[in-house]
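Spelled out from the first residue to the last, the chains are:
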Amino acid sequence: DTEVTQTPKHLVMGMTNKKSLKCEQHMGHRAMYWYKQKAKKPPELMFVYSYEKLSINESVPSRFSPECPNSSLLNLHLHALQPEDSALYLCASSPPAVLWHEQYFGPGTRLTVT
Amino acid sequence: AQSVTQLGSHVSVSEGALVLLRCNYSSSVPPYLFWYVQYPNQGLQLLLKYTTGATLVKGINGFEAEFKKSETSFHLTKPSAHMSDAAEYFCAVTLQGGSEKLVFGKGMKLTVNP
Numbered sequence: 074d075t076e077v078t079q080t081p082k083h084l085v086m087g088m089t090n091k092k093s094l095k096c097e098q099h100m101g102h103r104a105m106y107w108y109k110q111k112a113k114k115p116p117e118l119m120f121v122y123s124y125e126k127l128s129i130n131e132s133v134p135s136r137f138s139p140e141c142p143n144s145s146l147l148n149l150h151l152h153a154l155q156p157e158d159s160a161l162y163l164c165a166s167s168p169p170a171v172l173w174h175e176q177y178f179g180p181g182t183r184l185t186v187t
Numbered sequence: 091a092q093s094v095t096q097l098g099s100h101v102s103v104s105e106g107a108l109v110l111l112r113c114n115y116s117s118s119v120p121p122y123l124f125w126y127v128q129y130p131n132q133g134l135q136l137l138l139k140y141t142t143g144a145t146l147v148k149g150i151n152g153f154e155a156e157f158k159k160s161e162t163s164f165h166l167t168k169p170s171a172h173m174s175d176a177a178e179y180f181c182a183v184t185l186q187g188g189s190e191k192l193v194f195g196k197g198m199k200l201t202v203n204p
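Order-wise, the sequence lines are chains A and B. Residues are numbered in this note's numbering as their position in the first sequence, beginning at 1, plus a constant of 73. Residues are numbered in this note's numbering as their position in the second sequence, beginning at 1, plus a constant of 90.
I should point out that these hints are in silico values taken from the structure, not numbers from a laboratory. Just so you know, these numbers come straight off a predicted model, no measurement behind them. Among the hints, a few may not be true.
Here are a few chain A residues that face chain B, going by a calculated C-beta distance under 10 angstroms [to be verified]: (1) Y108; (2) K113; (3) P116; (4) E117; (5) E175; (6) R183.
Think about it this way: if two alpha-carbon atoms lie no more than 20 angstroms apart in a straight line, the pair counts; the simulated EDC-like pairs of lysine to aspartate or glutamate are [stated by the list, open to error]: (7) K92(A) to E140(A); (8) K139(B) to E76(A); (9) K82(A) to E125(A); (10) K113(A) to E178(B); (11) K191(B) to E175(A); (12) K191(B) to E125(A); (13) K191(B) to E131(A); (14) K114(A) to D175(B); (15) K95(A) to D158(A); (16) K91(A) to E157(A); (17) K196(B) to E117(A).
Glycine is no exception: its CB is placed at the ideal position from the N, C-alpha and C atoms.
Model the full assembly from the supplied sequences, consistent with the hints where possible.
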């Protein structure tokens, strides 16, 4: 299984809602990432988890809250988002002890904040 | 800090023609270099990577790239374009050893005309 799955595929939420994005991989990867991608732009790194511990937070606003319950699962909890947070949210993972290279990306969750 | 430059934002080729997507990097230490492809409404897929060793790297779908240290380049080529190659292509760099985050170029949209 060389796949990273993300749910939901699409999400529309109001500015007062609380929602969560989910990412799962069963490749034994111990590094997992959240990226945000606006239209016609490259992905921007948000968070990195290494061995289930948050290792990098790229100064992301607190309305985004990541969680890594176990080595296969990564969540992104969303609360009180702004319309400018509308984007494609990508999850990625990479093999044990090898950060950054050979990142496997999921298909993304397209988020619209109304 | 390392960086990559993808000049222009759009390349258009005819089906069967050569595909050439340019990428130049800047790094004070030996880099690891990558090409990712993103099809519409999908996540990123690793096409190929250069870490060490052979400078001509072959990837999936008939793509290849050559690492040229003297020119600080890592251009992506494919001898004969296919309609299914239409996508966004991102060049990315990290430091050798993978100790720094992946830095993406701004991307290049490839259109293939029949």
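| field | Pair hint K82(A) and E125(A), alpha-carbon separation not exceeding 20 angstroms | value | violated (24 angstroms)
| request: Mind checking the CB of E117(A) against every CB in chain B and telling me if the closest is under 10 angstroms? | output: Given a least distance of 9 angstroms, the restraint on E117(A) holds.
| query | Within a Cα-Cα threshold of 20 angstroms, do K191(B) and E131(A) meet the stated pairing? | reply | OK: K191(B) and E131(A) at ~11 angstroms, within 20 angstroms.
| query | Does the CB of Y108(A) sit less than 10 angstroms away from some CB of chain B? | reply | holds (9 angstroms)
| task | Verify the interface restraint on R183(A): the C-beta must sit less than 10 angstroms from at least one C-beta of chain B. | result | holds (8 angstroms)
| message | K92(A) and E140(A) were given as a pair; does the straight-line alpha-carbon distance stay at or below 20 angstroms? | response | At roughly 13 angstroms apart (the allowed maximum being 20 angstroms), E140(A) and K92(A) satisfy the hint.
| Straight-line Cα separation of K139(B) and E76(A) no greater than 20 angstroms? | Given that 20 angstroms is the threshold and the Cα spacing comes to 19 angstroms, the pair holds.
| message | Holds or violated: K191(B) and E125(A), Cα atoms, limit 20 angstroms. | response | holds (18 angstroms)
| field | Given pair status - D175(B), K114(A), alpha carbons within 20 angstroms | value | Distance of about 19 angstroms is within 20 angstroms: holds.
| request: Take the C-alpha atoms of K91(A) and E157(A), compute the straight-line distance between them, and say whether it is at most 20 angstroms. | output: Holds. K91(A) to E157(A) sits at ~16 angstroms (cutoff 20 angstroms).
| message | Would the hint on P116(A) be counted as holding, given a Cβ-Cβ threshold of 10 angstroms to chain B? | response | holds (6 angstroms)
| task | Take the C-alpha atoms of K196(B) and E117(A), compute the straight-line distance between them, and say whether it is at most 20 angstroms. | result | Given that 20 angstroms is the threshold and the Cα spacing comes to 11 angstroms, the pair holds.
Figure legend: structure checked against the earlier numbered hints; the only hint not met is number 9.
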